[in-house]
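Peer 1: Next come the chains, spelled out residue by residue.
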Amino acid sequence: MRRFMVLLRKELRELMTPQMLVPFAIAILMFALLGSIISGEEKKAQGRQDIGLVDMDGSATSLALPDALDQAGFHVVDLGEIDTASVTEELRKRDLAIGLYVPVGFEQQLESGELADVQTYAVVRSFSLTALSQTDTLKGVLSAVGGSVSDQVIADAIPGSDPETLKRPLAFTEHVAVGSLEAAVPLDAVYGLIQQQTLFIPVILFIVIIFAAQMIATTIASEKENKTLETLLASPIGRGSLIMAKMVAAGLVALASAAAYMAGLSYYFQGLTGGEMFDSGGVDVSTALGLRLAATDWILLGVALFLAILIALAMAVILGAFADSVKAVQSLLTPLIILTLIPYFLSMLIDIESASPLLRAIVFAIPFSNAFTAAPNLFLGNQTRVLLGAGYQLLWLIALVYVAARIFSSDRILTMKLDFRRKKRARVA
Amino acid sequence: MSEEVLEVVGLRKKYGQLEAVQGIDFRVRSGEVFALIGPNGAGKTTTLRVVATILRASAGVVHIAGIDVAREPDRAREIISYLPEEAGAYKNMSGEKYLRFVADLFYSEAKTRDAALARGREIAGLDERLDDKSGSYSKGMTRKLLLARTLMTEPKLAILDEPTSGLDVLNALEVRDIVKQYAAAGAAVLLSSHNMLEIEYLSDRVALIHEGRIVEAGTPAELKEKHGAVTLEDVFREVAS
Ligand SMILES: Nc1ncnc2c1ncn2[C@@H]1O[C@H](COP(=O)(O)OP(=O)(O)OP(=O)(O)O)[C@@H](O)[C@H]1O
Ligand SMILES: [Mg+2]
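In the order they appear, the protein sequences are chains X and R. Just so we're aligned: the first sequence equals residues 0 to 428 in numbering that gives the first Met the number 0. Just so we're aligned: the second sequence equals residues 0 to 240 in numbering that gives the first Met the number 0.
Any given hint might turn out to be false.
To be verified - Partner residues aside, some chain R positions facing chain X, computed with beta carbon under 7 angstroms:
| no. | residue |
| --- | --- |
| 1 | 62 |
| 2 | 66 |
| 3 | 67 |
| 4 | 76 |
| 5 | 83 |
| 6 | 111 |
Hints listed in this document are in silico derivations from the structure and should not be mistaken for laboratory results. Ideal Cβ positions, reconstructed from N, Cα and C, are used throughout, including at glycine.
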């Protein structure tokens with residue numbers, strides 16, 4: 000145990016080099032920074048938007064528009080009376096993104112029962128994510144103008160009526176059933192909730208698996224490259240301790256990095272969504288539908304995630320044993336990365352339960368799948384599935400650790416290598 | 000009285016098809032320096048690696064102080080120390096930290112550990128450079144650091160693969176003295192070298208390996224006499240060609 004701790008300290012010190020930590024700190028800072036910039040922009044976008052208005056009609060109906068827009072949260076800038084050809088120029092001059100043009104005869108068209116003309120102008124300055132909110136602004140303007148005018152038209156046509164009821168005569172009540180529970184909540188809200196609670200898990204898991212695998216394979220390859228492996232192997236250290244120290248060190252650093260990424264990412268997503276992801280209509284969706292993980296569910300989820308990380312580490316130990324230089328690690332880890340990418344993407348994109356039998360078999364065979372699908376499965380009440388998956392993961396882990404220990408206690412750690420260059424040269428010769 | 004520390008019997012080692020060591024026998028007693036010499040690729044490093052427990056013999060047995068290295072490698076590792084042919088230290092660690100890491104591995108008591116550290120510092124002889132990262136060391140400085148690491152734990156059997164390779168004349172002389180004194184204090188030393196002057200000065204007995212077999216063995220004086228040679232180099236030339 001003492002020797003294990005000495006080794007662990009050494010492994011941690013080897014991992015926490017500036018070269019290893021700086022890129023990673025930068026990534027987190029970038030996420031956090033991006034998030035705060037985006038949320039700043041969003042706030043700007045959510046504030047009062049300036050709208051250019053050209054009213055050529057000057058009728059009672061058109062003169063009511065600035066008020067209606069004002070109530071809908073827009074600030075109206077009167078562009079005066081100009082012709083259609085110069086609206087864009089005027090918008091540019093005043094740095095406005097959206098303009099509204101009400102032509103002469105607008106009210107008259109309405110009164111004679113025709114469709115009344117309104118023209119809108121949008122000046123596009125960039126195609127960035129935040130500039131996309133321009134379309135939202137335009138939609139808001141259209142619905143404010145349309146709503147106000149149609150209210151007026153209805154009130155004129157049927158005096159004493161309630162325009163709202165006439166326009167929307169149906170009251171929908173949505174019912175959603177998940178597992179054995181059913182509640183009157185919007186479907187959107189259910190998906191929003193699950194997404195919000197499980198969105199991070201696959202992303203973080205993917206990052207941690209790749210990062211941890213890379214670290215441990217790199218430490219093994221660098222022991223070979225820097226010729227420290229032989230002395231280490233001749234030292235009085237059990238092969239188990241040797242592998243465990245490397246696995247625990249890489250696992251710890253990967254977990255710490257996961258926590259940091261999580262913090263960075265949550266900032267980022269908060270910026271993207273303004274912190275609000277869905278409208279549940281005032282109902283506590285998670286309680287109503289039992290979409291809340293019990294303590295045992297959290298433990299099960301933790302076990303599935305932890306086993307996935309350990310499996311990745313054990314695989315990386317084996318793959319790292321083939322590498323004779325740090326450079327070779329990248330290409331050697333490709334199979335591991337593919338094994339992780341498959342369940343990562345599939346669990347995000349499709350419903351694995353309803354996939355073709357072949358695809359399902361492939362996905363279930365991959366030891367990382369359980370971790371990627373554990374959270375949704377637990378929400379849907381498929382605890383048994385997750386438990387069986389964890390058992391399967393455990394079998395993989397035992398097999399991999401056994402193979403890794405065999406490699407380390409045999410000659411292979413010193414004699415086995417995949418040197419693609421040398422093979423090629425041999426073929427030429 | 001000296002005791003037998005190392006016994007190698009019928010040692011063979013295959014790398015795939017290639018049999019690098021084809022049946023080697025020798026014994027090393029405490030207080031003795033035993034040297035393996037021979038041409039490149041003769042099987043010296045392979046033999047040392049098997050003795051150092053990091054390769055498994057294809058056939059034959061190796062006993063260190065009565066411990067079978069194939070059966071109980073962990074016990075053997077407690078009493079040996081191995082300086083590989085090409086060895087490095089952890090580049091981000093200072094020499095001092097590296098020695099401390101090794102001392103921590105071997106000793107749990109602060110007193111014995113600090114004594115080992117003091118021995119290590121003295122053998123390394125790097126003075127204030129000991130606090131620099133070992134990545135900044137020259138080849139010879141690294142070699143001395145690793146020799147310090149090897150001898151500071153006072154192994155019963157020190158296995159040194161070309162201990163003075165890469166060292167300048169003065170440093171090589173110093174290292175030879177250190178090794179000689181170390182054996183004189185009662186330990187067994189098994190080494191390999193290409194420097195025949197070094198072998199003559201250092202070793203009590205020599206085995207000449209050629210293509211995986213010991214073709215000649217004895218004290219340097221015996222070998223020279225047998226071949227009517229003035230130096231060991233002449234013996235080497237005669238036997239190896
Ligand atoms: N890992 C390995 N895989 C395959 N063959 C090897 C390996 N290591 C050594 N050999 C082969 O075994 C033979 C003996 O090599 P070894 O390193 O023991 O020689 P040596 O006597 O130490 O030589 P040198 O004086 O050059 O250090 C050589 O033919 C070598 O090519
Ligand atoms: Mg050699």
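Peer 1: Was the hint right that residue 62/R lines chain X, CB cutoff 7 angstroms?
Peer 2: Constraint on residue 62/R not satisfied, violated at 17 angstroms.
Peer 1: Would the hint on residue 111/R stand, with a C-beta cut-off of 7 angstroms toward chain X?
Peer 2: violated, 13 angstroms
Peer 1: Against chain X, with CB atoms and a cut of 7 angstroms, does the hint on residue 66/R hold up?
Peer 2: Since chain X brings no Cβ nearer than about 12 angstroms to residue 66/R, farther than 7 angstroms, the hint is violated.
Peer 1: Please verify that hint: residue 83/R, Cβ, nearest Cβ of chain X, below 7 angstroms or not.
Peer 2: holds, 4 angstroms
Peer 1: Quick check on the hint: residue 76/R CB to chain X CB, less than 7 angstroms?
Peer 2: Holds - the Cβ of residue 76/R comes within 7 angstroms of chain X, reaching about 4 angstroms at its closest.
Peer 1: Under 7 angstroms is the threshold here; is the Cβ of residue 67/R close enough to any Cβ of chain X for the hint to stand?
Peer 2: With a minimum Cβ separation of about 15 angstroms from chain X (threshold 7 angstroms), the hint on residue 67/R is violated.
Hint violations for this structure: numbers 1, 2, 3, 6, all remaining hints satisfied.
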